[in-house]
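J.: Below are the chains, spelled out letter by letter.
There are 2 protein chains.
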Amino acid sequence: MKPEAIPQNGRLVVIGGVAAGMSAASQVKRRRPDVQVTALEQGEYVSYGACGMPYNIEDPDRDIEDLVVISPQQFREKRGIDVRTGHRVESIDRKRNIVVARTAEGTCEFQYDRLMIATGARPVRSAVSGSDAEGIHALHNLDSGKQLKAMLGDLPESSPVVIIGGGYIAMEMAEVLTRRGMKVTVVVRSMVLRRFCDATRALAEATLTRNGVEVIQGQVTSYTLRNGRVAGLVLDTGVSLEAAMVVEAMGIRPNVGLAQDAGLDIGTTGAIAVNAYGQTSDPAIFAGGDCAEAPFKLGGPAVYTPLGDTANKQGKLAGANICGAGETFSGVINTSIFRLFDLEVATTGVNEAKATELGYKPLSAEITANTRAHGYPGGKKIMLRLIFDGPTGRILGAETAAGEGAWRINVLSAGIDTGMTIAQLAGLDLAYAPPFSPVWDPLLTLAALTIKKQTAYLKAKQEIAV
Amino acid sequence: MKPEAIPQNGRLVVIGGVAAGMSAASQVKRRRPDVQVTALEQGEYVSYGACGMPYNIEDPDRDIEDLVVISPQQFREKRGIDVRTGHRVESIDRKRNIVVARTAEGTCEFQYDRLMIATGARPVRSAVSGSDAEGIHALHNLDSGKQLKAMLGDLPESSPVVIIGGGYIAMEMAEVLTRRGMKVTVVVRSMVLRRFCDATRALAEATLTRNGVEVIQGQVTSYTLRNGRVAGLVLDTGVSLEAAMVVEAMGIRPNVGLAQDAGLDIGTTGAIAVNAYGQTSDPAIFAGGDCAEAPFKLGGPAVYTPLGDTANKQGKLAGANICGAGETFSGVINTSIFRLFDLEVATTGVNEAKATELGYKPLSAEITANTRAHGYPGGKKIMLRLIFDGPTGRILGAETAAGEGAWRINVLSAGIDTGMTIAQLAGLDLAYAPPFSPVWDPLLTLAALTIKKQTAYLKAKQEIAV
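Quick note, the sequences are listed as chains G and C, same order. Note that our numbering gives residue 46 to position 46 of the first sequence, counting from 1, and the numbers run on in steps of one. Heads up, our numbering is the position in the second sequence plus 466, with the first residue counted as 1.
Don't read these hints as lab results, they were simulated from the structure. Treat the hints with care, as some may be off.
As the list claims (entries may be wrong) - Computed cross-link-like contacts, DSSO-like style, restricted to lysine-lysine with a CA-CA straight-line distance of at most 30 Å: (1) G/K381 with C/K918; (2) G/K452 with C/K544; (3) G/K381 with G/K453; (4) C/K927 with C/K847.
Let's have the full structure, built from the sequences with the hints guiding it.
T.: What follows is the structure, given as structure tokens:
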């Protein structure tokens, strides 16, 4: 049922002042200036580009505060939003429609007609002894980034730095810390980019090696401290590593404590369940961003893919629906991209296992092609992998690792969204000029190969049927 | 009707040895090694990347022959294709299934079971007195590029060079000749990039000016010669220009003389008419590339858009259908891209005028956005313009001029092809990371604006109806 609009001169309380939270607050104020909007943020900063933290840390001459898009004061003065930093929400009282927050001075209560939960996520931390010592960091909010950056500035060149984890944040930090002159080692439980295909992983590993980053298998069993500061770590393989700094980048978990305590439904992914309007199981309470689930465009249960662009979309949507717009979120297909030195890695849709789960009969094809025309200087290589449904040819997923041109993932993301088949992909009229692509764009070369694979598959199926 | 396969051990003759011609020849040999394939090329080179000529000319240290992908000898030895350079076809005798070619030694005849016409296009030349003088060039085939490059190498730095024309080849040459140290003036009848929108044109003009290229309005009325070489030109405005070299880049025309003389149907665009199989009005004769029309994906009559990628597609398709594959060409939507110094310009689909012609009620929206996230260094601006159908929201066309990220035109091209609406565009899950885009990709910002425009349009329409 379409959410009811917040009453005239009603009160919206937002918990969490970053992407989803401030998008919702701004959207409501834009549509309904009569609404009294209060945003509660436990940290010091609101509205910052958290995804930009690694790149800010890379540049010693820039302040971490450069990532702030709009200051609390600007929100108050220009948008009429009452932003309260240093307000840590302790509980939600759904009977009395009240949120209780703790500040340095004590607790205070905020009455709401509608509530937006945008509590974000927190990094998974090792539960290893010593992991709270100085020099052991996790990228979380701007405050944690600031601490890491300040500490980094004090380290002598070529200091040994260890990153725990092999996901995309670990990869971004490996690049950034290398560029800052550190000697970087990445410790992974099994492998880097575990969820990516073999081709991407091989390219990423080669890129790390070429840039002097060492990858070691193992799990931390203890940190070695010196004067209360990290000095090294020991792995379960028996290996000891020196470390003047450690970054734990082992993934993140949604902050659902408040929602759970308030009795709101939590989804199977562990994040807050929301409907297509962004509403939780309580119609007066919305949620979005890194604490919430999102519908999956290819069907099946909701997914948890905490990314900045999704957070902004969900926040804006929740804001619109708090005002009664009745807009629905078409969902995500897990498109993402990151850079590792000179390698661009991107993915969209599902892999074979997930496609099978959703009832498809996935086939795949993979190519490596040039990114520019024959004879045009500066071209790179691009690996493209496509997952499609054998019987129908429908595109289901894709992955790329490329020296340039990973943007092609967006054509495939759009294709998945519109139900494009491999035959349609093969017939696309893509932009060609020598600086931008070969005369056969890698997407078209890939499509031709998938068609061959599908033909063979259909023929084999027919033979079995006969 | 699906074309009949060429007979066993049949003879295919191909006229024209570049993109469409050699693609057809190669495709036939790959599918049907029994077929005897002969390719007749009037020039010295076959299978070269003509679109790369400007960029090859830019680099004095590279041979123009670097653009050749496969040599005649390689075609003969590795692909079993009998390539004959220096063979200028003079006539097609459809009664006797014979092609007559002239060589340095005389004429010779080639019997065919199937014929592929890939005669390409020729540049429009000024019919002004002196236009055949030394130093007046047009980019046509590799030979003409070679001549231009050789002459350029002899010019002293800062020599005045004049380009006649304001289309994309004129723009590419303006960049290349500037980079080669020449003082470049572009002479246009009315304006540069006449078919593009005002925003693109303004950005292109600013880019030319910033790079020292002067743009002058006028039409050449005569060339001034000195010792049989061009020394300058006079415009109809009375202005005289010095010119140590002139490049006439006033567009191209399809080479249809042979086809016309043989009585084959010529389309309304002036290029050879072909059906979806690539067949001309004679079922035994196929055509493709810069001499032929192509179906238009948005409906309406066939179009003439001579581009390298289309030529390759049409050649491959014709080859497949000569072998009886029965594949059809889904057509083009006029997607194209070019670079002008640090500006990327791309377009796809139709403009408002053409959309109206096709029966749509076009609306448009235009934005200028950042290409990277807030706080991420090195970002550029991107102008994006979208044409869509007011009543249905269907995407019909787009244009972009950008410091980086013109690849977005390919997402919109795919969107036009799959019937995507602006609402679907707004819901796309595009790849976000600070080095690649802002958190709201410009495509999503554009979509949001189009939705507002559509809402206003539908409301106004309803009010009129009431």
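J.: Is G/K452 within 30 Å of C/K544, Cα to Cα?
T.: Holds, because 23 Å separates the two Cα atoms, which is no more than 30 Å.
J.: Between G/K381 and C/K918, does the CA-CA distance stay at or below 30 Å?
T.: Status violated; Cα separation ~40 Å.
J.: Given the hinted pair C/K927 and C/K847, is their alpha-carbon gap at most 30 Å?
T.: At roughly 35 Å apart (the allowed maximum being 30 Å), C/K847 and C/K927 break the hint.
J.: Assess, step by step, whether the Cα of G/K381 is no farther than 30 Å from the Cα of G/K453, and give holds or violated.
T.: holds (23 Å)
Of the numbered hints given earlier, the model fails hints 1, 4; all others are met.
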